[in-house]
Amino acid sequence: MQGKQKKLFKKAILYIILILIALIWIIPMFTLVVTALKSKQDFYSGIGLFGLPENIAWDNFINAFTKGRLFTYMKNDLIVSGLKVPLGIFIEALAAYALTRLDIKHKTGIFIFFLIGMMLPMQAALVPINIIYSKLNLLNTYFGLFYVYVGFGISFGILILRGFMKGIPKDIDEAAYIDGCNKWKMFIHIMVPIIKPAIATLLITDFLSTWNEYLLASVIINDNAMKTVPVGLMTFVGEHGTDYGYLCAGVLIAIIPVMIVYLFFQRYFVEGMTGAVKS
Amino acid sequence: MLKLRKFISLMLVSLMLVPLLLTGCGSGNGETSKNVGGTGTSETAGKTGTSGKTSITFWNLSTRQEALDPIVEAFNAANDDVEVVVSYYDTDGIKDACKVAASSGTLPNMWFNWGGSLGGFYADNGATYDLTGYAEDNNWPDVFTSGSLDLCTFDGKLSGYPTAYNVLNVYYRKDIFEKYDLEVPKTFEEFEEVCAALKENGVTPISTAGLNGWHVMRFVELLVEYYAGEDLHDKLSAFDESWDNQYVVQALAKYQEFCEKGYFPEGFVTANPDDTRLAMMTGECAMDIQGQWYDGQILSDGGDLSLFGTFALPVGGTDRVSAFVEMAQFNAGNSDAELEACIRFMDYYLSDENVEQYADYYNLPLPKIGSEASAEYINIPDIMETAETNGTFTITDQAFPAEVADGLFNVQDALANGQMTPEEGAAAIGAAVEAYQNK
Amino acid sequence: MKKKVNLKIGSYAFLMPALIIYVSVIVIPVFYSLYISLFKWNGIGAMEFVGLSNYINLFLNDSIFLTALKNNIIWILLTLLVTMTTALGLAVMLNKKFKGRTFFRGFFYFPCVIAPIAVSIIWRWIYNPSVGFINEFARLIGLDFSQSWLSDPKVSIYAVFVAALWQALGQPMILFLAGLQGVSIEVLEASLIDGANGTKQFFLITVPLLKETFVIVIATLIVAAMKVFDVVQGLTGGGPNNATQMLSTYMYSQTFTYNNVGVGTAISCIMVVIMMLVIVPYVSFTAKDD
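Chains as they are written, first to last, in the working numbering: chain A, 1 to 279; chain B, 1001 to 1439; chain C, 2001 to 2290.
The set of hints was computed from the structure by calculation and includes no laboratory data. All figures in this text were calculated on a predicted structure; none of them were measured in a lab. Ideal Cβ positions, reconstructed from N, Cα and C, are used throughout, including at glycine. Wrong hints could be hidden among the right ones.
Covered, in the sense of this in silico footprint (three residues per stretch, anywhere, with C-beta under 8 Å from a C-beta of chain A), are these stretches of chain B [stated by the list, open to error]:
no.	segment
1	1059-1067
2	1393-1407
Heads up, simulated DMTMM-like pairs for lysine to aspartate or glutamate below, C-alpha to C-alpha not over 20 Å straight-line [to be verified]:
no.	chain 1	residue 1	chain 2	residue 2
3	A	40	B	1284
4	B	1261	B	1352
5	A	40	B	1356
6	A	40	B	1230
7	A	67	B	1284
8	B	1174	B	1190
9	B	1254	B	1274
10	A	40	B	1244
11	A	185	A	171
12	B	1254	B	1244
Here are the simulated distance ranges between beta carbons [stated by the list, open to error]:
no.	chain 1	residue 1	chain 2	residue 2	range
13	C	2103	B	1381	22 to 30 Å
14	A	20	B	1304	25 to 33 Å
15	B	1381	A	51	45 to 53 Å
16	A	175	C	2194	33 to 41 Å
17	C	2035	A	169	31 to 39 Å
18	A	14	B	1436	29 to 37 Å
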């Protein structure tokens, strides 16, 4: 009984610590939600930034969709993210497979070469990309945006997938080759299914960063009908002042798709990263 | 297995999309970027002659979208030979977008800009169309106010179509002043007394916020005007005289004194200027230096405009106030047809009917001679009058190049936090000017 | 012989898509930046070749650059000392089996998904000296102080760091969680039998087994710490008086606000070089077993 009591006690401590941290953690979230529910009048009436409003300002949410055109932006962002993420992961998987399994010289060197992409500050890429795209007529096209996003995602994607693939014993390869598989078949039929967790992990992270990407989207896409969510949210910011309730409502709505993706794939999340870090 | 098939099909779909998207289409893309020296289909589409429509791209602030979208639609419907396409950006985004576009030669046919060093950058580097000749031919001095035309002129060349002329005054809470028996100050000493009285009664005298420096600067520049006088102030702004002088020191010392006396809100140094009106609405502060757009802002926030009044800060001389313009700049590479179309649109955009219908989305009154704001904006006539009678000087963050302005803002921060003495501050500003000139 | 050649060409084909896209999107801008950093250019006008003087000026004459560099180093140290340990601590706790574990995992990861602009706004309100949460709460429990968190140059960088910590903690936490899955239960139980109690076990068994995790987390955290931009720009804009100026915010100012494009790109190049100095050894180290 002693042991069990100790265990219970430890568990209780665990819960207490977690809940305490969670309480602190939740304060900013609470602010966000509470503000989204306030109308302009409430906000300026002096009930304080953390006070609850008298009437819930549903208008903020309605306006975010109508005046703020949030639905269009979310639709656009879904198109961009939804196509870019699987395509990017596929390309990264191909490369990671080559770097771990195939007969290529200077594998580590090439890998380091790929890692530089993680370090480049995005602002540095704005002007050259703009110049190149304007010459190629790719400005204001989703293809242009995909291309740049895939390019910027390659570093991290290869980092993770390569790590996971390295963790898979080479015996499986040998068995497959004996069975008559060629490289491509090996990749599709064996490797890809095995690294499903890593792919799911990347799906979440990549979707997140693509969904929330602001800088490149704001420079490449000028057409309002094609804007993505982060760029669109900036239109909620006023010239001399911002309607915070409206903005917070927009932010909250924009979070929803991301949370759905996260909640759906997060069961893989933990398993997925294991391979990468065990490399 | 399912995943594999998914991947392959996704790949194939994406590959098929490539040629589709390569032709530059998105949803409803009418964008033609003006390639100064570029090639491609965009050039031909932008010109008239045989192809018919002149397509014009216009970059503006997203805060104007509610009005601009219907206006553009009406214009396009009424003008068969022109098609205007607008892209919207937020206030910081448009600066970045224009810079990137300028560097890559993809500026639109026309874009929104502020005056001073912001708009001047494009003018000085030949990116804007020189409208001087056009203005003469079309009698612009009779249409636009001289103040606005002056501020849109850089190096003798008129570089923009004035769309707004903003004047700053001190907005104050009439009821709070009344409550403590305070009168609108007529001299600087009276102003200081008012501040002291407010502070005594638990009201923070001046609402300001120091993030990115320009709001605090609105007060500091008035101090410079007071201590240095009009002439010297103008010379200082033009870098004809060094900022490292005793008058600047006095101005900075007074600013530091105000900081120490708590005449500004607590922690104002990194507060967001967009939020200064929160304190004004709740009565925590009694004064705020703002432009005439503030009337519209207060009304749209659901405030009671009758509680607010304005006055020009008594800084000596003629009590000058600071002013700045907004304009539409035109691409230097515009063809004649494009330019004509641009101006036709701008005239329509700022026509009386449109202004009346969408009044909230303009900074009224327009910089046109005889233009007025609607009656509900009770303070605007007074403010505009101060510009006429007292005279104006260009607001400092537009008079200065950005580097020097940041130097000034750093000094403002440092003085507020007691990190610098006024003497050091003046020297630092002088050094920033010198560094810029020696670049 | 033919088969071997085919094999090789086929192998490179796997690499090609990534390589092509990567070179055109990343490598070209890198070289472009290097090229531009050797010039004095305002973005539109003529370019004036100045060789390495942008770099020399930055290190010798530019006190703001040096402040930014110092701030980034402080930020990196804070990230490693605070973010990493907190993430590890949370991961350890969330690795234990208990009800609601999944909820808590998602909960702490949640701030990662919020748009950066919202993070800045929320935390500015929390730090507001008069009506902000922290000071209000302090007053509520009787403490009578009014610290101005963001405006005080002594405190501001730490205040901004806390906001960044809140937002970014989820990512390394998940990485550690994953790494902990790899610490097999058998090994832990064996160590218990050998007499290792909780803390001993953690430091002597678990931590060494997390070696690779630490390396990945450290690398990604350092890169993120060098590039930190949004939260600083939103909360303080680099102020007050450069107390929170970072290399990325300074680079932004130089390039887009002051129109010193050559100087701005020089700063980016310096940032990349510093990061490479950390990353390359890391990669070589982990790739040792190739």
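Note to self: Can you confirm whether the C-alpha distance between residue 1254 (chain B) and residue 1244 (chain B) stays at or below 20 Å?
What the structure shows: Answer holds: residue 1254 (chain B) to residue 1244 (chain B) is near 16 Å, not above 20 Å.
Checklist line | residue 2103 (chain C) versus residue 1381 (chain B) beta-carbon gap, inside 22 to 30 Å or not | finding: Taking Cβ atoms as reference, residue 2103 (chain C) and residue 1381 (chain B) lie about 60 Å apart, which means the hint is violated.
Next item on the list: Check the following: the C-beta atoms of residue 1381 (chain B) and residue 51 (chain A) are separated by a distance inside 45 to 53 Å.
Entry: 38 Å, violated
Note to self: Check the hint pairing residue 185 (chain A) with residue 171 (chain A) against an upper bound of 20 Å on the C-alpha distance.
What the structure shows: 16 Å, holds
Next item on the list: Examine the segment 1393-1407 of chain B: at least three residues should have C-beta closer than 8 Å to a C-beta of chain A.
Entry: violated (count 0)
Next item on the list: Compare the distance between the alpha carbons of residue 1261 (chain B) and residue 1352 (chain B) with 20 Å, and conclude whether the hinted pair is satisfied.
Entry: 48 Å, violated
Checklist line | Verdict on chain A covering the segment 1059-1067 of chain B, criterion of 3 CB contacts below 8 Å | finding: Since 6 is at least three, the answer is holds.
Check: Does the Cβ pair residue 2035 (chain C), residue 169 (chain A) satisfy 31 to 39 Å?
Finding: Distance hint for residue 2035 (chain C), residue 169 (chain A) is violated at roughly 46 Å.
Next item on the list: With 33 to 41 Å as the target window, see if residue 175 (chain A) and residue 2194 (chain C) comply at their CB atoms.
Entry: 37 Å, holds
Notebook entry, point to check: Is residue 67 (chain A) within 20 Å of residue 1284 (chain B), Cα to Cα?
Noted result: 32 Å, violated
Margin query: With the threshold set at 20 Å, check whether the alpha-carbon distance from residue 40 (chain A) to residue 1356 (chain B) stays at or below it.
Written below: 25 Å, violated
Check: Given the hint that residue 40 (chain A) pairs with residue 1230 (chain B), does the C-alpha gap stay at or below 20 Å?
Finding: 41 Å, violated
Of the numbered hints listed earlier, those contradicted by the structure are 2, 4, 5, 6, 7, 9, 10, 13, 14, 15, 17 and 18.
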